[in-house]
Amino acid sequence: MQHLNHLLDIWRSEPTVASNIVQWFVDDARAPLIEPFPDDMHPSLRAALEDTGIPSLYAHQADAWQAVRAGENIVVVTETASGKTLCYNLPVLQAVIQNPRARALYLFPTKALTYDQQQVLDKYSAALAAHLPSGSRRPAAGVYDGDTPVHRRSTVRAQSNVILTNPDMLHTGILPHHTNWADFLRDLRYVVIDEIHTYRGVFGSHVANVLRRLKRILHFYGADPIFIMTSATIANPGEHAGRLIEAPVTVIQRDGAPRGARHFVLYNPPITDENIGIRRSASQESIRLASDLLTCQVQTIVFGRARRSVELILRNLKHEVNAQAEQMHAYRSGYLPAERRAIESGLRSGSVRAVVATNALELGIDIGGMDAVLLVGYPGTIAATRQQSGRAGRRQGDSLAVLVASASPLDQFLMKHPEYLRSRSPEQALINPDNPLILLHHLRCAAFEMAFTRGERFGSLDAQAVLEYLKFLAESGELHDGGERFFWMADAYPAAGISLRSTSAMPVVLQVEDAERLTTIGTVDLESAYWLVHPQAIYLHEGQSFEVQSLDVENSLARLKPLETDYYTEPQREVTVDRISTAEEAAVPGAKNAWGELLVTTQTTGYRRIRWFTHETLGAGTLDLPPTQLRTTGYWLSISEETVEKLRADNAWNSDPNNYGPNWVVQRIRARERDNFTCQLCGAPEMGRSHHVHHKTPFRQFTSYLIANQLDNLITLCPTCHRRAETAVRIRTGLSGLSYVLNHLAPLFLMCDSEDLGGHADMECAFENGAPTVILYDKVPAGIGLAEKLYRIQDEVLARAFDLVSECDCKEGCPSCIGPAGENGYGGKEETLALLAALNGRTYTRPETAHGGSMHA
Amino acid sequence: MPDSLSDKLKALGVQIGARGIPRPQSPKRATAIESIIPGQVVATPFGETFVSETWYEQSYAHGQVQFTPALSMGILTQWGRVPHISDIGFHGLLFLDTETTGLGGGTGTIPFLVGLGHLTENGFHLVQLLMRTPQEEPAVLYLINRYVSQFAGIVTYNGKSFDIPILNTRHVLNGFTNPFEGMDHIDLLPLARRLWRNRLPSRSLGNLEVALLGVARTQEEVPGFMIPQIYFDYLHDGDATPLAGVMYHNAMDILSLAALFQYTAGLLEDPLNYTIPQSLDIVAIARLYEELGMLQPAIQLYESGLSMGMPEPIFLETLERYATLYRKRGEWERTVEIWQKAVEHHHVAACVELAKYYEHQCRECDQAMQWTERAIGMVEQFVSGAWTRREMLQELEHRRERLQRKLENQARRAGKAPD
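Protein chains in written order, with the numbering used here: chain A, 1 to 857; chain B, 1 to 419.
Heads up, none of these hints are tricks.
Calculated lysine-lysine pairs in the DSBU-like style (CA-CA distance at most 30 Å, straight line):
(1) B:K8 x A:K789
(2) B:K8 x A:K471
(3) B:K8 x A:K215
(4) A:K789 x B:K10
Source of the hints: derived by calculation from the structure; they are not laboratory data.
With the rest of the complex left out, here is chain A:
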């Protein structure tokens, strides 16, 4: 550990590092909180624990024991590597010792975790064997998932006390064949659900329904097991666990595990261009810090965000620290289990010095404690940040976790507000098991598993609601309404038709034509297909670029061809939002907010080709693709007329039509003449109607109309290209700035990706009497609860949005606050701030040094 402390001293005194460190926390070492073995623990179990080097329990393990023994469902919320697994393994082992027929079902979100936990159970079982009366069978644990060979399955079912599997297998492999599991289910005493914070959003809403199905089948077999869950730290573990299993849950969080001193460092890469707020990349800075750590003999995990960046970082790191190149590995999905096991044991033994990993390593896998962890960019949730940084930390000795920020708004926000990473998490795991589409799928599966009786409930869904769905399914011919009972009556296996990890039943398959052969390289969901793989789009996969030849939506097929290019494509979308109904609305300072059902119509109308690195537009194309409709729930905020008036009076509302000055008519004609009456983007000539003339640098940024209307600032564009050019400008108004910042900040509270939320700024919102409105909608059809939650916490989100924008170091808006400034440098940051101030009920005075007239001389 002196290596680590030595390096930390160097960093403190090295200006090129120290100046980028925005926060440095030190958590002192903590002694364990110990409880003796409970009196009612079986002597054999106690002896077995002692044999494996466990002389007593930590506080949370003892609390879990008491609660479970009292028949309570629990969720254990403690840190990474705090010995959470004993919280469920102990009651399960005790049950099996007392009754060898007792069974338990363990659900893990990943297969890797499943195999890891089987080994843990085997270890305890082996230790236990020595203390059980001779002739008695020791507890058996078996993995039952898609990789279990078919000929082994009945043996695993019959002989395992503990079945370890995942929700997907429960959904497609176990429940639809539950009669094969009759003996297992009859004796099921415990259901363990590990890492429940991963069961949120669409996945969580599916899993909640799979659990409804499980409980329904268990009821048939007369079993009523206790649920033992674990979760990373989130704001609402008890509520979330309770929504998942639809029963009361006791939260266990008296973390008794000891730990050494921990350094937690927030590192913000230096700004390289102040005007547009460009920072050094998080990867580059991380490679530099990791090199220092490795040179000082500090064992390190680097967490990257994507598979591709992981390989890239590893390559550079090997180059930097050549001497240890053989002791560095990547760890990500797509590696064979054997490769992963070798890396894991290398980490434990110390022979592996550095691993560059995706979040595949984040969940639970036992690799022992690391000296140091580097997070390349905020991993997307606070829970993941804590889990990844929790990988650093030994029971004794110092450890280090560094979060290297990227340019994204959330990363930058957290650099200024580390309290969110440190104290109580604001993250709410949200699920909506009653999402009609998700629910419909699972009711079909449930009907397949066992006929529904009229008047039957489904989880917390009341009988009347269930009946409506059953009637719908009977009408559509999948169920037979037999009066008292509804029978599955279709030659189909409904569980096979729906993946728990998406709502899209028919993904578009991406096929590449090689010489004579078709290879499938991946899939995208239908909603994204028009956007990601429209004809002529450049699609990136594993660092290779492909050009889309055709998109056949009817057959869910996109044809791609490898194409080396120096450009990428950026689709142009037109979004319109209609309201179906309002669920709730309220007046708030400066505006009205609401949530309800929306219909979002999106059409990809064209695309631009943009050169890598320089970002110059090389050309554009139009597309003739049908619009797609998304019926979902959304949150919206309509700016009141008074607010607009006030902002306008303060010159902070800039979306009004411009008066281009007295020479405009003449300059306009001159520009068209110069450009040969031809659109300078797509080349279309004028056809009976004048083309538009566009200001390259927006008119309102100039103090003099004479300068603004100079010919070299003007360009002739056809109406279509002009609209597209204006779309790029519109982001810089206050309203679109607000939309951008909310879209990127809300995930901090909703525990989702910014990709899960759609953002739309409508200057004249039809359903709000033309009021300027910002709309954030759930991208999942019918929604999974994001909109309603946003409505409830909007004050907090708007306050934090103001902080984020006002504290950003950029001048005119940047990717880290209100969105990327365009080529022209003008960002609309002041307008966004003025608007946010109004919405927060506070006054805002623009600084003296607001963009002056000298900027565009």
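With the hints as your guide, set chain B onto chain A.
Just chain B now, kept in the frame of chain A:
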């Protein structure tokens, strides 16, 4: 909410019915089963269901098969690992086949029609239990249990992986004890696959009954894949008329199953005389005999089969097995004879076997070398597939080099010996 659940789901993109085609709104006039199919409604403690019974007199011939109660089935039951059934005889067996609402299996598949047949002194007796609605399932299961308990074993076609697991599931779901658990069960499908894999294009029961039993179904027949939909339509519109075809299909399946059982049992007992012998059937049975440990009869069958002629690849494959049978018994002389015969048919593997034989058994390296070189010469001409050719040649070159070394060593030793 102004719109109904149905409108809402449609707006969310849910398609109604198969491929979005709405089902007909006005059902046809209901036609009751009793008026279409001879049979009666039977009451049980678990409710009513519909039972149709049919008698086929002793003189009834199913295709070319007339049922013979005194059937020898020693070898068939030995293959099925239920030798004691042989003593109980044809009468003790229940022939079972189900028609279901789907072919995928799982808890959502309902066996709406269960056919049970057995041979009596007065002819073949068929009982068909039909659920007029899925609610009648408990009654059907009750009747099955009562019926099945009278028999020593069951015979099915693919029943081990389909019909019986489905019936087991239905018993669990309805809280009945399972009558099939531990019951002797002969599934003819795997046997049919073994016997007719090479000779017949398909081993479906429908194909075997035409090819082997000479059965021709009438116009009443409906193809199996249509059956679930016919039942769904019947449940929906109440018109039982098309169910007659399903009943016919099921009856024919059971009769063909029993006839195939008799045919196969007879064929296995006396393959050369039961019917006009087919060389491919004979060698398939030879192989089965071999596995049952009946080596002498197996050898006879191999010889008879090989003498009748058959397609070249199967001929060679059979020669190889035949030779192996002798080799295992240590009868080298006969083994070599067969291999040599195979070499005449350009069988490279036999050449290799001979090379091995001379190298390791006789320690005659020069002979072994001759066979190896002959094999190398044959590979180019008689082995198809570039990869296989390369692999074979590599192995043969390896063998040749080794033999070359041995021969040189021998020569050296021979040269030194006179000193």
